[in-house]
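Peer 1: Line by line, the protein sequences give chains A and B.
Just so you know, this note's numbering puts 429 at position 429 of the first sequence, and the rest follows in order with no gaps.
Just so you know, this note's numbering puts 18 at position 18 of the second sequence, and the rest follows in order with no gaps.
Mixed in with the good hints, there may be bad ones.
Said to hold, decoys possible - Cβ pair distances, simulated, as ranges:
#1 SER58/A x VAL111/B: 27 to 37 Å
#2 TYR127/A x VAL111/B: 30 to 40 Å
#3 ALA91/B x SER58/A: 22 to 32 Å
What the hints assert, rightly or not - Far from chain A, by Cβ distances over 12 Å, these chain B residues were calculated:
#4 LEU32
#5 ALA41
#6 LYS67
#7 VAL97
#8 GLU103
#9 THR118
#10 PHE123
What the hints assert, rightly or not - List time: in silico SDA-like cross-link candidates among lysine to any residue, alpha-carbon distance up to 20 Å:
#11 LYS467/A x LYS34/B
#12 LYS256/A x PRO123/A
#13 LYS256/A x ALA231/A
#14 LYS40/B x GLU479/A
#15 LYS256/A x ASN73/B
#16 LYS243/A x LYS37/B
#17 LYS37/B x LEU475/A
#18 LYS243/A x ASN119/B
#19 LYS503/A x ALA351/A
#20 LYS256/A x ALA384/A
#21 LYS102/B x VAL130/B
Just so you know, the hints here were simulated from the structure itself, not pulled from any lab data.
Ideal Cβ placement from N, Cα and C applies to all residues, glycine included.
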Amino acid sequence: MKKLFLLSVLITLVSFSESMAQVTLNCESGNRAIEQGNCWGFAQATYTGTPGVPITGSWSLQSGSIPGNSPDASWLKTPWMLVSSGNITFNARLGGLTGTTRGIELFYIPYDGNNPPAYEGTPVSFYSYNWPAPGIITPVMAFVVPVPGAIANSAAVYKIRVSFTGEGGLAPIISDDFVFPGLYWSDPANGCIPQAPVQDSDGDGVANTDDAYPNDPNKAYNSYFPSATQAGTLAFEDLWPAKGDYDFNDVVVDYKLQTVTNAANNVVEVNGAFTLRATGGCFNDGFGFQIDGITPDKICSVNGNSISHVTIYSIGPNGLETGQTYATCIVFDDSHRVLGLCQGNTEKGAAFSPYVTLNVRLVFINNGIPAPGGVVAGSQLTPAVFNFFIVGETLTGQVIGNVQPTFQDRGKEIHLAGRVPTSRANTALFGTRDDDTRPGEGKYYKTANNLPWGVNILQGFDYPIEKTPVNEAYLHFIEWAASSGTAYPDWYSNAPGNRDPSKIY
Amino acid sequence: MKTLKLFFLFSAIAMVLASGCKKSELTTPVSLPKTLKELKAADSFNWTTGMAVELQITGLPTLVPVKSTLTVNLANGTTLFSKLHQMDENAIINLTVPTTEKELTLRYGSVTYLVAITNNKAFFSFIPVVTD
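Bound conformation, chain B alone (with noise of 0.2 Å):
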């Protein structure tokens, strides 16, 4: 009778223990095809190197019209795109740059600033950030 109830017990644990176990930790890692005819792409995949990204630009309001040249560049300063923009204006510029740039370089007059990207978005305000 003791050893029966034993048994009992000891089945009871291991059930407890068992329902405990997660999904994720009984299943086998998944293993990449070998070849392109095995290969299931993602229906939203376009097999470029490049991504879409917009950089939105907030105006600063100004005293006076201030119009100079915008210019954006990827990190390693070479030049994507160019318009002359009034400071006050709040824009939109849609680039295509490659999967591996974290971030733009933007220059605007004399001055150059470094913006990051992120999710396939950048920002960046002319209205500065008060450090005082």
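Bound conformation, chain A alone (with noise of 0.2 Å):
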């Protein structure tokens, strides 16, 4: 039971890998933006570089003009601090002739968890310091100024600001190689506010609040495309090279990739829900993608996917075809088997198809074994990468009554335009019939008008009914298209004016 208890409250702290016995300014960034970042503040002092004028490098703090003797107006400020004891030094000088009064005065400034965003609590000061004589441009004095007894060695935060006062003229005061004792406690990553010991139940270095997987140490994050919460739909023409009727609804599928990550940022899986919704073309098409620039070895499996055991694809041990040079997943091989025959979902009032949803994951790391190839970082891993495709199907040449038999043809691939090929495509059909790919040219899946067979619309497409071309469904198609989708980005959205609804299923 104490060892569940140990285990269940592993606290550590995630962010910070070690920690300073000073916290120290020399000012040699010469960027207060740095420092500001990492929870310094600065108040009318700024870094000067004049020539002659830093106590000791290239930088040095410069306050700004002094009105009225106030401690409030030109001050530095540490990050939050647990200070230990000892002495707290740093080196100024006075840098103009003319003032009436100059000094510096240190506060230390509690923490008040009351007081957001800031939370600091009423400044208390512990010294104060005035120059004799102003009017002179005076010597480097170093400072050195004991910890009060009341914050040395606390459990508690606290930050030190060292202000600068006076009264009269312009002479501003000169500072430099500011010396803390004490840890740095601050949280650039939250506002700097104070370290908090942060849950890690898995252990895996990213907090149980960030975590996806707060228990599996060889997860940690979903990332999400087209979003979290936004199937898109991918609406192909599958007569490829033949033009068809643009009516867009021979093959329809929503996607939404789910990308989980571990905390190296490594790829471990992605898993991929893809619902068939529609089979408006009478052949039977399947339906893959291929990962750009990922060779097949990087993934140890493949589940979930719909492959018959009489297919035309030859699938490999690891659930990728084989005979490809990047990882090419096939999600069904026949879009009529999964979902319904000729027509389907494309017809008003005739008989409806429920959708069919495959759940496909891909397995890349398995239990924190990466697979033979290696790892996939997540940066590879982006959505641009995934290169989706349908397969379509030849006429045999035989004419038996009034129907020309088809098989499925695995050469026949169909892209989305500009997306290049797999290894399995049937180059010799570029070029022929509609077609226009030039690859020399990096021209792919467009006819010599640059019409795609087929549409990737992120938000979701509510596609045309049988044999209606998309332009006569959705009426700004063709303003999009010319203006390259500069124009009526909305195309597909339901707005006033968009659509004609008796022609979308």
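Now that you have both chains on their own, put them together as the hints suggest.
Peer 2: So this is what it looks like as structure tokens:
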């Protein structure tokens, strides 16, 4: 029970692998923004690098004008610290000729949890010094200020404020080489509030509050495409290389990808939810995706897809298609077997076939063990590398009665516009019929007028009814395409004037 | 003779005015194609409602190593991407977002930032802007 208790409250400081016994500021960054990002505070105090002015190095701190002797006007403030006993040290001098009085005053500031966002309590003064004779440029003085007993070695956190005070004139106070004994205890990742212990139950370095898998050390984060809450739609014409009727309902698949990564930001698995909604084409089309640039040996296994035991696809031991340069997953091998027959869910009034969702999982790292080809960094698996395609059919050449039989043709890949084929595509079909693919020019799966055989709508798509060209159902589709997407970017939406609902399924 | 001189004068003026016309003032508006058959799209158009966005992150030199979760969301808060990120490191994150999106929200630790998308790029720096 005790062991369980200890395990369950495993507390680590996940953000900070080391702390310093001193908190120092020497101004040599020359950029207060960097210090401010590290939770130092400045008011009317800038860095000066004017030759002859800095006390040491290339930069020093210079106070601004000091109105009315207020200690609140010009100051330097440390990050939150666990202050230890010892001396606060720094160097300072006056930097001008005019002024009535000039001084330095030190404060400690307690933490006040009821005072967001800074959480600072009332400053308490514990040291002050006044220059005896302002009006001259004084030599550098070395300040040595004992840490007050009230805060030394306390378990509570404090800030130290060094205020620059005075009245009259323009003489600034130049200061440098600040050393504050104690430990840096601010958290720049959390608005510079004090560090707080975080729970990390699986010890992977990701706090439970951020960890999508707080009890699994092999998984940490979920990323999504198109997004966590929105599925996109892929809509294809399947008569390539011939043009079809542009109703874009021959194969309609909704998709949502979830990429799971670990604390090292390597891909653990990809979960794809693919929903087949329509089979307006009369071919038994296949559907899949290639992961451009990722070799098949980077994937341990694939499951959840729908491949018949009698199939034209050759599937390897890890569930990917064989003979491929890049990892290729066949999601289903026969649209009609999965959803229904020709013109499935594309004619109003006809029988409806319930949508079919396939949840496909590609495992890259299995229980902490990568595939033989090694890990894939999360930065490599961007949405752009998912290259979706369908596989069509070819006429046998026979005529039986009124029917021209067809057969599934693995080489007849039909990709979205501009996407490269897989290794199993029949490239001899390029440039035939209406296709104007020119690999040497980087042109793929477009007609001579650059029309596509597939569209990808990230926001989801209500497809046209059978044999209705998409521009008759979506009234601004042509303007969108003619403008390269700048006009009517929401042409697919149900905004007034966008649609002819009688032509949408 | 006087009439002839006036004729030549008016002709010269007319010629000067006509030569000053720019081509664009004389062309007729281009009409949109009515059918897909007539449509010719640009070579670079790829028929998707998404756009590639490169998010460039500039790190902040820190006094001690600082690691926390960086999350990128659409402006409406929908999650796109998460990773463990060390605050002093630069990073480039490649996303695909709807073309209608104008900004992203970033969350690092407990702080949220709004980042504009301009020409398919978004920039975020952990180095703050000093205000005084």
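Peer 1: Could you run down the list of hints and mark each one as holding or not?
Peer 2: The hints, checked one at a time:
{"no.": "1", "hint": "SER58/A x VAL111/B: 27 to 37 Å", "in the structure": "holds, 31 Å"}
{"no.": "2", "hint": "TYR127/A x VAL111/B: 30 to 40 Å", "in the structure": "holds, 34 Å"}
{"no.": "3", "hint": "ALA91/B x SER58/A: 22 to 32 Å", "in the structure": "holds, 30 Å"}
{"no.": "4", "hint": "LEU32", "in the structure": "violated, 6 Å"}
{"no.": "5", "hint": "ALA41", "in the structure": "violated, 4 Å"}
{"no.": "6", "hint": "LYS67", "in the structure": "violated, 6 Å"}
{"no.": "7", "hint": "VAL97", "in the structure": "violated, 8 Å"}
{"no.": "8", "hint": "GLU103", "in the structure": "holds, 15 Å"}
{"no.": "9", "hint": "THR118", "in the structure": "holds, 15 Å"}
{"no.": "10", "hint": "PHE123", "in the structure": "holds, 15 Å"}
{"no.": "11", "hint": "LYS467/A x LYS34/B", "in the structure": "holds, 17 Å"}
{"no.": "12", "hint": "LYS256/A x PRO123/A", "in the structure": "violated, 54 Å"}
{"no.": "13", "hint": "LYS256/A x ALA231/A", "in the structure": "holds, 5 Å"}
{"no.": "14", "hint": "LYS40/B x GLU479/A", "in the structure": "holds, 11 Å"}
{"no.": "15", "hint": "LYS256/A x ASN73/B", "in the structure": "holds, 16 Å"}
{"no.": "16", "hint": "LYS243/A x LYS37/B", "in the structure": "holds, 10 Å"}
{"no.": "17", "hint": "LYS37/B x LEU475/A", "in the structure": "holds, 15 Å"}
{"no.": "18", "hint": "LYS243/A x ASN119/B", "in the structure": "violated, 33 Å"}
{"no.": "19", "hint": "LYS503/A x ALA351/A", "in the structure": "holds, 17 Å"}
{"no.": "20", "hint": "LYS256/A x ALA384/A", "in the structure": "holds, 14 Å"}
{"no.": "21", "hint": "LYS102/B x VAL130/B", "in the structure": "violated, 26 Å"}
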